Structure formats: C-alpha cells, structure tokens
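K.L.:
Sequence:
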Amino acid sequence: RASLYARVEPSKISRLHVDSDSHTSAVLAQVILHEKFGVRPEVVPFHAREFEGDGADWPEAVLLIGDKVVTASPPAVRTLTQIDLGSAWHELTGLPFVYALWMCRREEMDDPRIRAGAALLDRQRRRNLTRMDSIVSSRAAARGWPDDLARRYVGSLLRYEVGPREREAVGLFLRKAAALGLAVGTTVQRAVRVRAIGGDPFSHLTTHVPEEIGRRLEKAAMANTPLLTLLEPAGVIPTAADQAGPTRLT
Numbered sequence: 001r002a003s004l005y006a007r008v009e010p011s012k013i014s015r016l017h018v019d020s021d022s023h024t025s026a027v028l029a030q031v032i033l034h035e036k037f038g039v040r041p042e043v044v045p046f047h048a049r050e051f052e053g054d055g056a057d058w059p060e061a062v063l064l065i066g067d068k069v070v071t072a073s074p075p076a077v078r079t080l081t082q083i084d085l086g087s088a089w090h091e092l093t094g095l096p097f098v099y100a101l102w103m104c105r106r107e108e109m110d111d112p113r114i115r116a117g118a119a120l121l122d123r124q125r126r127r128n129l130t131r132m133d134s135i136v137s138s139r140a141a142a143r144g145w146p147d148d149l150a151r152r153y154v155g156s157l158l159r160y161e162v163g164p165r166e167r168e169a170v171g172l173f174l175r176k177a178a179a180l181g182l183a184v185g186t187t188v189q190r191a192v193r194v195r196a197i198g199g200d201p202f203s204h205l206t207t208h209v210p211e212e213i214g215r216r217l218e219k220a221a222m223a224n225t226p227l228l229t230l231l232e233p234a235g236v237i238p239t240a241a242d243q244a245g246p247t248r249l250t
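Going by my numbering, the sequence shown opens with residue 1, and the numbers climb by one from there.
Heads up, some of the hints might be wrong.
Unchecked claim - Below, computed lysine-lysine pairings styled on DSBU-like, alpha-carbon distance capped at 35 Å:
id, residue 1, residue 2
1, 12, 36
2, 219, 36
3, 219, 12
Unchecked claim - Label-pair distances were calculated between CB atoms; the ranges are:
id, residue 1, residue 2, range
4, 229, 79, 40 to 48 Å
5, 161, 200, 56 to 64 Å
6, 210, 167, 38 to 46 Å
7, 224, 163, 51 to 59 Å
8, 165, 201, 40 to 48 Å
Simulated from the structure, these hints should not be mistaken for laboratory data.
Note that the structure is a prediction, hence the values are computed from the model and not measured.
Yeah, the Cβ is synthetic: ideal placement off N, Cα and C, and Gly gets one too.
Given the sequences, and given the hints that come with them, work out the whole structure.
P.N.:
Below, the structure is given as structure tokens:
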C-alpha cells in the first residue's frame, strides 16, 4: 500500500518527501501528480520515522508505504489531502497496480534454480491463501494493524496472481515513467527558472534531465541559456521529443 499525504491541495504541491523504502511508489506518485494534477514537485527522500509525533514538523507532502501508512501517517488534523496511489492509478488507467513481482529473464526461465525457486514461491503462496485468518491473528497486532483492517487488506485488497491485466499495467507504468524521464530508480536533476522581459516575469519553467546529463550542465550557464542550447555541448543532441501529461492555463 502507498499513500500520499499533503497539507495543501494536490495541484499546489511543490515538494514531495518520499519514503526511501520504495523507488517504485516514488515514481508512481510523480506519474499520478503529473497526469491528474499537472504538477512536477521536487522529490526529497526521507525516513518516515523521523516525523513521528503530533505532526508539527511534517513536510508539505509525504509519500508513505507499507505498514507506515497505518502506523506512522500524519495526524488527520494536519492533512488536507490523502491519495491512495493504487486507487488513483486505477481511476487513471482502469488497471490494477503491480507493486511487487518475482520474475526472471526469459533466457533463464529453464534454469533449474529458477524453476525450483518459482515452485517454492508458488507453493508457499497457495498455502498462505488457505491460512489467511491465522496469519492475520498472529501477526497484525505485532505490526500495529487493527485486526479488521488487516483482514480486509490482505484478504480483499491485495491480489496474488499475475494475469494479462497486470502485465498490461506493468507495461503502461513503465511507459509513463519513461515519458517523464523517470525510469524506476533513476535520479534526475530538477531546475526551476523564471524568464523575464524588461525586468518583469514572463514565464516559469521547470525541467528535469537524467542525473548523468545534469552533472555536465553548469549552474551559471543555466541561469541565462536555454536548456536545449546547453545540451549539445554536454554531448546530447535531441532529434525528437514527446509531450506527456496535461497543459493548463491558470
């Protein structure tokens, strides 16, 4: 489970603190915020346990995953917005979201070690499905989960098989992430610039480039030179581009 909490409306989020335990959810949050609300906030890794308490020091917006959604989320009085990312993805695409999947390369699928591992995992999956009540009864309280919520979560909300719709969802997610320059686990450089004419603000630009390119760009040059002009000296020659996500006039 992954949820985003914010003290502002989603369209006004400028900085998102993301739980460093999950790169996938961090990318999903950025896809959702961009496609549904037209924003690309600065992303800051953090550890959720650093902000436990009455919420006075919670950041503007945070992304939490797993148990922390239930046991370490911001107090309700400090939260204007809460977005369940799995539900938001389903509303956006009509597909489930695959948070985790055990897989191997196609050329290795006949390796005896891979086949043995897959058989072991599948056997354990089928066994655990028959003793879900026992698992919840013995583990929920120790993890800080209310019993009824844990039963609903592992018994109804989670799915344990991968079919055509799940495969379609994985492919779509990877394409959307790539369109934003956010291959899962990739670090990017974010630059925010305001252009002026005659001393008056004219436009506000936010750009993201892969880390290996950003390291070649000089800060002083970026203050006065268009990004496309800087890319060629940095060894990058754009030949085409795609625009993804909404454009809004405000």
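K.L.:
Going through the earlier hints one by one, which of them does the structure break, listed in rising order?
P.N.:
Of the numbered hints given earlier, the structure breaks just one, which is hint 6.
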